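J.: Sequence:
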Amino acid sequence: MCQIYSGTDPELYQSVSRSLRINGMVTSVRLEQRFWQILDEIAAGEGFSTPQFLGKLHDEVVSQRDDIPNFASLLRVVCTVYLEHQAGIAATPETTKPARRLAG
3 MCQIYSGTDP ELYQSVSRSL RINGMVTSVR LEQRFWQILD EIAAGEGFST
53 PQFLGKLHDE VVSQRDDIPN FASLLRVVCT VYLEHQAGIA ATPETTKPAR
103 RLAG
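Sequential numbering of the sequence shown, starting at 3, is according to this note's numbering.
What the hints contain is simulated information worked out from the structure, not anything from laboratory work. No experiment lies behind these values; they were computed from the predicted model shown. There's no promise every hint is true.
[Unchecked claim] In silico lysine to aspartate or glutamate, EDC-like type, Cα no more than 20 Å apart, as pairs:
| # | residue 1 | residue 2 |
| --- | --- | --- |
| 1 | K58 | E43 |
| 2 | K58 | E48 |
| 3 | K58 | D42 |
Could you build the full structure based on these sequences and the hints that come with them?
T.: Here is the structure:
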């Protein structure tokens, strides 16, 4: 396996819970440390604290779709979309198809 993946620092995939207020309700979101780092970066770039950004994101998604079945999963995907955008990769139907397994 490629060292870039197998050598990942375990601290980056340690689960971390953060409490935040969404629509006046306190809730807890559990994500891996690396996703929190990315969300902190996105929020700062948008001029918000991370809790403010997550509240705004939640409100916008609910207004568009009426529901968020799994907020933590949405946040992980938001991070990948952000990273794709940073790398200049457009999210297209082709890039969102499940990857084929590599022959081993």
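J.: Taking only the CA atoms, is the gap from K58 to E48 under or equal to 20 Å?
T.: Distance of about 11 Å is within 20 Å: holds.
J.: Quickly compare the C-alpha distance for K58 and D42 to 20 Å and report which way the hint goes.
T.: Holds, at about 14 Å.
J.: Quick one, are K58 and E43 close enough, alpha carbons at most 20 Å?
T.: holds (15 Å)
Of the hints listed earlier, there is not a single one the structure fails to meet.
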